Amino acid sequence: EAGVTQSPTHLIKTRGQQATLRCSPISGHTSVYWYQQALGLGLQFLLWYDEGEERNRGNFPPRFSGRQFPNYSSELNVNALELEDSALYLCASSLLGAKNIQYFGAGTRLSVL
Amino acid sequence: GQQVMQIPQYQHVQEGEDFTTYCNSSTTLSNIQWYKQRPGGHPVFLIQLVKSGEVKKQKRLTFQFGEAKKNSSLHITATQTTDVGTYFCAGDFGNEKLTFGTGTRLTIIP
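Taken in sequence, the protein lines are chains F and X.
Take the first sequence: its position 22, counting from 1, is numbered 22 in my numbering, and each next residue is one higher.
Take the second sequence: its position 48, counting from 1, is numbered 48 in my numbering, and each next residue is one higher.
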C-alpha cells in the first residue's frame, strides 16, 4: 500500500512568487493535514481538510491557502512568497480527525530566494 | 493558548546510556501521541496514549501518560545509534487537531 506522497520534492522560488505543493493521502484516508517545519524547528500546524472541507486552520496569514479534491488529494498554495516561508512542508493523512494517527509524507522543501 | 512544551531541546548521550524527554501541557489532553523524525526524514508515529496513568512499552522505549493527563514522557533504555533523531510529542486537546511539541533532538556519542 502506498504511503502519503508529496510533490515536488524540492521547489525553488523567488520572493513574491506563488508556490503550489501537492499531497496524495493514503488510500482510504479522508483527512489531510499540512505542517510547516522551518529548519531545525518543530512542526507548525497550517491546515486540516476533511471530506473536501477546511476543518481547522493554524496561525498563518491568508496567503497560505489550500483545497482538497474529491479524491482526497490536496494542494497547499502560498502566495506572495517571503524569505521566511523557506521550510519543509509536510503533509499527513489520517482516517478521520486528529484523534487518529497521522501518517506523514516525505515533504516538500521550499526555498525562497 | 493550547501549547505543548517539550524538554530538553537537545540531548547528547553516550551509546548505552538512557534518555528521557518530557512533555507538559497547561490543560488536560484528550490523548497524546509520540513521533520520531530521523535526520533528513519525516515524522513517524510511535505510539498513542489515551488513559490517565497509562504506561506502554515498545522494546527499549517506555511511554507514560500522567495521572492528570497533562504530561507525558518517553524513556529509552540503553540507547543505540539507531535511536538518533528528533522525538516529538503531539497533544490532542479535543479540538480535532494535534499540537506538536518543539521536539527533543537526540544525538548518540559512539
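Hints should not be assumed to be uniformly reliable.
[What the hints assert, rightly or not] If you want a taste of the chain X side facing chain F, the calculated C-beta under 7 Å gives, among others:
(1) Tyr10
(2) Arg38
(3) Gly40
(4) Pro43
(5) Phe45
(6) Thr102
(7) Thr107
[Stated by the list, open to error] So the derived label-pair ranges between C-beta atoms look like this:
(8) Val55(X) / Glu82(F): 27 to 37 Å
(9) Gln18(F) / Arg60(X): 44 to 54 Å
(10) His75(X) / Thr20(F): 41 to 51 Å
(11) Arg67(F) / Gln9(X): 30 to 40 Å
(12) Val55(X) / Pro62(F): 40 to 50 Å
(13) Gln14(X) / Pro70(F): 36 to 46 Å
(14) Gln14(X) / Arg63(F): 38 to 48 Å
(15) Phe69(F) / Arg60(X): 40 to 50 Å
(16) Val84(X) / Ala2(F): 22 to 32 Å
Hints were generated in silico from the structure; no laboratory data involved.
No experiment lies behind these values; they were computed from the predicted model shown.
Yeah, the Cβ is synthetic: ideal placement off N, Cα and C, and Gly gets one too.
Taking the hints in turn, this is what the structure says about them:
Because the beta carbon of tyrosine 10(X) sits about 10 Å from the nearest beta carbon in chain F, more than 7 Å, this interface hint is broken. The closest approach between the C-beta of arginine 38(X) and any C-beta of chain F is roughly 11 Å, which is over the 7 Å cut-off, so the hint fails. Hint status for glycine 40(X): violated, given a least beta-carbon distance of 10 Å to chain F, over 7 Å. With a least beta-carbon distance of about 5 Å to chain F, the hint placing proline 43(X) at the interface is held under the 7 Å criterion.
For the restraint placing phenylalanine 45(X) at the interface with chain F, the shortest Cβ-Cβ distance is roughly 5 Å, inside the 7 Å limit, so the hint holds. For threonine 102(X), the interface hint holds, the least distance from its beta-carbon to any beta-carbon of chain F being 4 Å, beneath 7 Å. The interface hint given for threonine 107(X) is violated, since its Cβ lies 13 Å from the closest Cβ of chain F, which is over the 7 Å cut-off. At roughly 45 Å, the beta-carbon separation of valine 55(X) and glutamate 82(F) lies outside the given 27 to 37 Å, and the hint is violated.
A C-beta distance of roughly 46 Å is found between glutamine 18(F) and arginine 60(X), which places it inside the suggested range of 44 to 54 Å. Range check, histidine 75(X) to threonine 20(F): about 42 Å between beta-carbon atoms, so the 41 to 51 Å window is met. The hint said 30 to 40 Å for the Cβ distance between arginine 67(F) and glutamine 9(X), and at roughly 35 Å that hint holds. Between valine 55(X) and proline 62(F) the CB atoms are about 44 Å apart, so this pair conforms to the stated range of 40 to 50 Å.
Separation of glutamine 14(X) from proline 70(F) is about 53 Å and departs from the stated range, judged on CB atoms against 36 to 46 Å. About 46 Å separates the C-beta atoms of glutamine 14(X) and arginine 63(F), a value consistent with the hinted range of 38 to 48 Å. Here the CB-CB span from phenylalanine 69(F) to arginine 60(X) is close to 42 Å, well matched to the stated 40 to 50 Å. At about 27 Å, the CB distance of valine 84(X) to alanine 2(F) agrees with the hint of 22 to 32 Å.
Comparing the model with each earlier hint shows violations of hints 1, 2, 3, 7, 8, 13; every other hint is respected.
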